[in-house]
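Colleague: With the hints as your guide, set chain B onto chain A.
Read off the chains here:
Protein chains: 2
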Amino acid sequence: MKVVGIDVGGTAVKFGYFIDGVLKEKLELKTERDLIKVMKTGISSLASLDELDSIGVAVPAPIKDNFMFNAANMPWGNLNIKELLQTELAFKSIEVLNDANAACIGEYYFAEMHDSAVLITLGTGVGGGIIVDGKLVEGHNGFGGEIGHIHLDDEFGFKCGCGSVGCCETVASATGLSNIYNAISNKEVDARTIFDMAKENDADALTSVDLYSKYIARLCQTLAFIINPQVFIIGGGVSKAGMFLLDKITEEYTKLNTYKELNKLEFKLANLGNDAGIYGAYYNSLKKQPEE
Amino acid sequence: MKVVGIDVGGTAVKFGYFIDGVLKEKLELKTERDLIKVMKTGISSLASLDELDSIGVAVPAPIKDNFMFNAANMPWGNLNIKELLQTELAFKSIEVLNDANAACIGEYYFAEMHDSAVLITLGTGVGGGIIVDGKLVEGHNGFGGEIGHIHLDDEFGFKCGCGSVGCCETVASATGLSNIYNAISNKEVDARTIFDMAKENDADALTSVDLYSKYIARLCQTLAFIINPQVFIIGGGVSKAGMFLLDKITEEYTKLNTYKELNKLEFKLANLGNDAGIYGAYYNSLKKQPEE
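The listed protein sequences derive, respectively, from chains A and B. The first sequence lines up with residues 1 to 292 when you count with this note's numbering. The second sequence lines up with residues 1 to 292 when you count with this note's numbering.
No lab work stands behind these hints: they were computed from the structure. Wrong hints could be hidden among the right ones.
It does not matter which identical chain is meant; a pair holds if it fits inside one copy or across any two.
[Stated by the list, open to error] Taking lysine to aspartate or glutamate and the DMTMM-like style, the derived pairs with C-alpha atoms no more than 20 Å apart in a straight line are:
#1 K40 x E88
#2 K287 x D133
#3 K255 x E188
#4 K135 x D20
#5 K82 x D154
#6 K30 x D210
#7 K159 x E28
#8 K214 x E251
Only chain A is shown next, with the shape it has when bound in the complex:
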């Protein structure tokens, strides 16, 4: 089986060429307004369309049954993106899903999980993907797992890009950590530097990381009371802070949580890094079943 998995991002489009379940080659192209052209270029650099069994695509917009909604960062508006791609690429076997959901499916199948899982992607924003009994929760309008805009903060009141105040993204993304540190120290520093400083026991950085971890723990607690997954997978750029961050999150989660059964839930770091999206697009194009 030969498959190309594509992960469309705001600045880059990533391509992965999978042969019999193994990622053989990767490619990254700059995102352009004419995404079809970029896709054609990327695919043809890796393989010929004739020899492909399927193409999987992940896009940064809510997707329900291959239909795309509310695509703020995409030039296509509300449409059946699968049909559009089938026509434009003159290729039939295409499956489309949301990028955060793709990352979730990627991590889930790659780690050979079998129970329910929530992926929390901590990057410039906060994304999420939810799998219950092996199946993605897309939601009625494709907003399943769109956890970035859950209301989490009434203390700082940072404004969110969505027009609200106190969304998850304003305190739990990389930007959120910078927001918190800035509110405490009145200095503008990026998330990576704040983690480095916290690891060196800088007081303001430590306070910021503790608060930051508490917001993520709160998010996990909310998810535990709704989905009660077996495992939380922490991914995205911020997760490069590694076990330092994971330990803080589990510590804060255990402090918040009064139900001992829910303290047994697992917290894991994501495995696939930036490749999670192309893996998920690939698995999804095979109807969510990984190849043997």
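Modeller: Just chain B now, with coordinates in the frame of chain A:
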């Protein structure tokens, strides 16, 4: 098909006798420590065990695959409650589920829904049930839909029975409305009276109901970003306030929410009242398929 659906509560055990899908007879007995005895009495008053096809039981504790956890109000501790009941009643075809989940299944199948739904039960506490693509989300430890302890409030800081502060139940239950009214007016009044006063335009009661509805709207928004159900079903004793409450909740929800796709989600009042649990226990005993 002859089935008895049983809904075990803290003060009463409700029994419903269903013949070919129709609720023929109801019975309510006082909850006693020896619940098996109560069950035997209730069942034998309605039918003989010999002629029953199945028994469905709803209990006020988290259930996962018929196993009961953390049963604060039940005398049985952590155990396989299905096996226990099978032995004690000498009857094989028994299915057990959580009471809030039972109510959700009851409302869902009774209203012949087919998409995802969240039931929010506003009573002395707040319970919930979540159905995604026709299937109940039980969660890894049976805590799926246990929405009563999601953190919702940082303003009043009321203490919750679980040991936390600011849980959903402290502001969104009947007790929660009393808490809010008491904080505003310094008077202790029950929820029903507060609704009556609000309908008569009493200023403090109206302010309380508006705030109360905002907390429920916030809860729904959080659920929309995680599950994105097609419909929210509002049930429990508080839902007797009817369209007055439902209109307030949808008004506050629309104010909070910045994603227009999510403003299309439906809000409905529950249909079955106190019978939702026995209907759900009944449907669940038929492997969640209602009879034709």
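Colleague: With reference to the structure, classify each hint as holding or not holding.
Modeller: Tested hints:
no., hint, in the structure
1, K40 x E88, "within (9 Å within a copy, 67 Å between copies)"
2, K287 x D133, "both (15 Å within a copy, 17 Å between copies)"
3, K255 x E188, "neither (29 Å within a copy, 32 Å between copies)"
4, K135 x D20, "neither (23 Å within a copy, 33 Å between copies)"
5, K82 x D154, "neither (40 Å within a copy, 44 Å between copies)"
6, K30 x D210, "neither (36 Å within a copy, 49 Å between copies)"
7, K159 x E28, "neither (33 Å within a copy, 52 Å between copies)"
8, K214 x E251, "within (9 Å within a copy, 31 Å between copies)"
The structure fails to meet hints 3, 4, 5, 6, 7 from the earlier list, while all remaining hints are met.
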